[in-house]
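Number of protein chains: 2
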Amino acid sequence: MRRRLTSLSRSSLTALFAKERRNYGISYCTEHQEPPCPQIKTEIPGPKSKELFKEMMGIQQCGSVQLFSNLERCAGNYLADADGNLLLDTYTQISSLPLGYNHSALLNAFCCDSDVRALVNRPALGVFPSDDWPQKLRDVLLSIAPPGLQHVMTMMCGACSNENAFKAAFILYCIKKRGGKTTFTDEEIKSALQNIPPGAPNLSILSFKGLKNNGAFHGRTFGALATTRSKAIHKLDFPSFEWPVARFPEYKYPLEEFKCENEKEDKECLANVEEQFERWEKKKPIAGVIIEPIQAEGGDNEGSPEFFQGLQKICQTRGVGLILDEVQTGCGPTGKMWCHEHFNLPSPPDLVTFSKKMLTGGFYFKPEYMPPQPLRIFNTWMGDPSKLILLEKVIQVIKNDNLLQLVEETGKVLKCGLYKLECEFPAMMNSVRGRGTFLAFNVVKPNLRDNIIKTMKQNGVLGGACGVSSIRLRPALIFQPKHAEIFLDILRKTLRQLK
Amino acid sequence: MRRRLTSLSRSSLTALFAKERRNYGISYCTEHQEPPCPQIKTEIPGPKSKELFKEMMGIQQCGSVQLFSNLERCAGNYLADADGNLLLDTYTQISSLPLGYNHSALLNAFCCDSDVRALVNRPALGVFPSDDWPQKLRDVLLSIAPPGLQHVMTMMCGACSNENAFKAAFILYCIKKRGGKTTFTDEEIKSALQNIPPGAPNLSILSFKGLKNNGAFHGRTFGALATTRSKAIHKLDFPSFEWPVARFPEYKYPLEEFKCENEKEDKECLANVEEQFERWEKKKPIAGVIIEPIQAEGGDNEGSPEFFQGLQKICQTRGVGLILDEVQTGCGPTGKMWCHEHFNLPSPPDLVTFSKKMLTGGFYFKPEYMPPQPLRIFNTWMGDPSKLILLEKVIQVIKNDNLLQLVEETGKVLKCGLYKLECEFPAMMNSVRGRGTFLAFNVVKPNLRDNIIKTMKQNGVLGGACGVSSIRLRPALIFQPKHAEIFLDILRKTLRQLK
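Which chain is which? The protein sequence lines are E and P, in order.
The first sequence begins at 1 in the numbering used here and counts up one residue at a time.
The second sequence begins at 1001 in the numbering used here and counts up one residue at a time.
Since the hints were made in silico from the structure, they are not lab data.
For glycine and all other residues, C-beta sits at the position ideal for the given N, C-alpha and C.
Treat each hint with caution, since some may be false.
[Unchecked claim] Listed next, with one range per pair, are the computed distances between beta-carbon atoms:
| # | chain 1 | residue 1 | chain 2 | residue 2 | range |
| --- | --- | --- | --- | --- | --- |
| 1 | P | E1055 | E | E242 | 41 to 47 Å |
| 2 | E | E424 | P | E1055 | 36 to 42 Å |
| 3 | E | E368 | P | L1255 | 23 to 29 Å |
| 4 | P | K1050 | E | D139 | 17 to 23 Å |
| 5 | E | K177 | P | K1190 | 51 to 57 Å |
| 6 | P | K1181 | E | Q497 | 45 to 51 Å |
| 7 | P | S1064 | E | E257 | 24 to 30 Å |
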């Protein structure tokens, strides 16, 4: 059955969902509910969104809210807002919706009683997990583990996942420093409670910045925030750890035209990493290095496979943990399940963190990063089993619908189209880059970038900004070539309007 | 219809749940599914739990796991384990289950399509919330807000809630320091990205320790962990902020016998707080104070209403934020929705954080703590709407079933029974304390404490440890006097066995 709902009436969709949920197990493609193209009825935000915004401002600071959605009418790649507008969504809730909106596999995910019980009886997973939990970890998280990694901890969000990966790196670093000893001195125990060395040692985590200070984003809790180097507004007025920062490569585009320059950039950045190790050795030795395969929030800055291979070699030589933050790149958007699979690393990364499209937070790790004692990487909930139930469905859909292949195909259409636009509008945009549908381009000025995003929205496409002056594409994994064409048409129209 | 299932067979319960879910709206008390008393068939952990433990140890460090549960057979106040044992649960997943296991109101929570959509289309709440979100915040979170507070932010866990409350305190402190100015200098912007002052200022948060170093617990992310002062194993090998710590009152019991001594203790502790303000003024000024109404993890250490009134006065005089961490005390276990309602504070606390029984993390705050700019207290998800759907049901049940009154009644039976046991076994236990069913007592030696918990478990009661040598009660809000009697009988039996 293929049918298109041009008018997504409230009652017809409700009836449809109700029927679907009864017929659990019957495959039903969300695409059928999508409109053929964006439908814009009001300015955005429209009057209803504006009213809701005022209401919410009475409760909390929500100045970052762009619009309010109507979840009942959202479908596939289309976000419906409170004012009846239907927007093609290339930003997908800050890159966190793997299958778009109202995917039938997810709407049906909790039809089974045992899954409902996992949802409402949330356990303290580190103390009283349910008897199906080890199996669930294997069937869901380990089934898609980065090659070579067979251990995983669950957490709740990206920041918490990164912070616990830091902890794992600190623990192993300290064990090595003690010559393999896994016990503590009385002085260490006492001083740890006072937040001072030796129990709370002066160690650091190295992260990366761009040339224009637009760099890493690893989250906003205080440990993660100390490694975040993207925007001052995330950090102002908050005390932080004085921790080292190295230069992330900044390439010239198109890559193939500037091969020599970019190779030189890689070498300089790797030399800069070595420099930081030397500089901080006495002050606050580096116990771990955290890096995004593509610096997303910081501007979709790419590093080459050679850069990442070189970085891994440095970390191995120095005996410190390399943490790949795949919170935004993980779960398929680059055309592979994990972006670092593009890098041909000689051995697996030490730790790989995830969240967003994975729906649960957590991190994979090499066995030597398992702490010798319990309760060191621990919290009350340690994740949320209900998120693994959803993730299991997501993985099934990715496999059954060959979504990684779709990402590659759609990515090609998108990138090719963006290259064309770059040629058509060289005074407005450049530096098209990325992998799969995880793509971006630069706009020549920040104001123009903001204006393009605003005008695109009014033309029916929801887009995302990143870095100083970039636009990033973060569509769901179900984004098809036909959606790419709509996006490209609207971007072209927008660029013409603003030319 | 009242029926008791003495044999909780897999199929009959499944059928029951299925029927319940179809008959959404029909009230059905979970109690009916409870066994009349604990049923112990194997040693605990039993052979199945032990096997699962081995399996899970191959995936992650899970040495803190006590047993594996069978969620299908859990009912009300009873946890069923993988080996067929049914334990009366007085610890409830580290105090995080408000209504016990498999409560019908929660099993039925997602029968409505709109709630399913909120569950599977998780938004970035700070950018594209759904159109029912402001109403949801009002109907759910603000309907039970601490008296005088009308603002709330949602987060995902207790640690993250505390860290964001720190941020709110830092922001207001810095605005005051700038004489009300809400803009930043270029130097501040530049230095914030480098993690150094003035952009990342040398400010601190004051927390509290006990006399024996067993003190505050505010979570495990790096900012929260710097204020946590309970156990060294939570902190060892992790760099921390050198932040001030003041003495939490340590009372003599019974309270009414040692009125003078305890009043003196309050005064000394408040003087110690003042001392910290002076001592840290030059080094790292205190911008906020965080405290639990009852230090839970640290040993169920109580502070008197007078102590908290005095602390609030100091914070007001000094112009810094008072953060009440109600992560464990919030949502009813002390007989009031918020524990600080027992303190008769002249004005509301500046910030009140929550998580655990509230199912969602977050914090209430006075309007002056709303940051002037967006994106300062922010992250991708900003909480999880599906948790508010569950919390809404929890609040309905608390109101409809008068659970706060039940907590008081059951608490009286429990406390009275514990006093009796304290008289019967003075060489083993003392210092019975607490409010509502949020109760604890000391055991004379840590080893004996651990042994009591282990033996109680074998006798059918799941209990929790806290502090150096205490046992804490954290039953669900549906714990009744009859459950209290079972607990007390088994504790008495256990004490006799170990005498």
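Results for each hint:
1. E1055/P x E242/E: 41 to 47 Å: 43 Å Cβ-Cβ, so the 41 to 47 Å window holds.
2. E424/E x E1055/P: 36 to 42 Å: violated, 58 Å
3. E368/E x L1255/P: 23 to 29 Å: For L1255/P against E368/E, whose Cβ atoms are near 51 Å apart, the range 23 to 29 Å is violated.
4. K1050/P x D139/E: 17 to 23 Å: For D139/E against K1050/P, whose Cβ atoms are near 21 Å apart, the range 17 to 23 Å holds.
5. K177/E x K1190/P: 51 to 57 Å: Distance hint for K177/E, K1190/P is violated at roughly 34 Å.
6. K1181/P x Q497/E: 45 to 51 Å: violated, 38 Å
7. S1064/P x E257/E: 24 to 30 Å: Between S1064/P and E257/E, where Cβ atoms are some 55 Å apart, the hint is violated.
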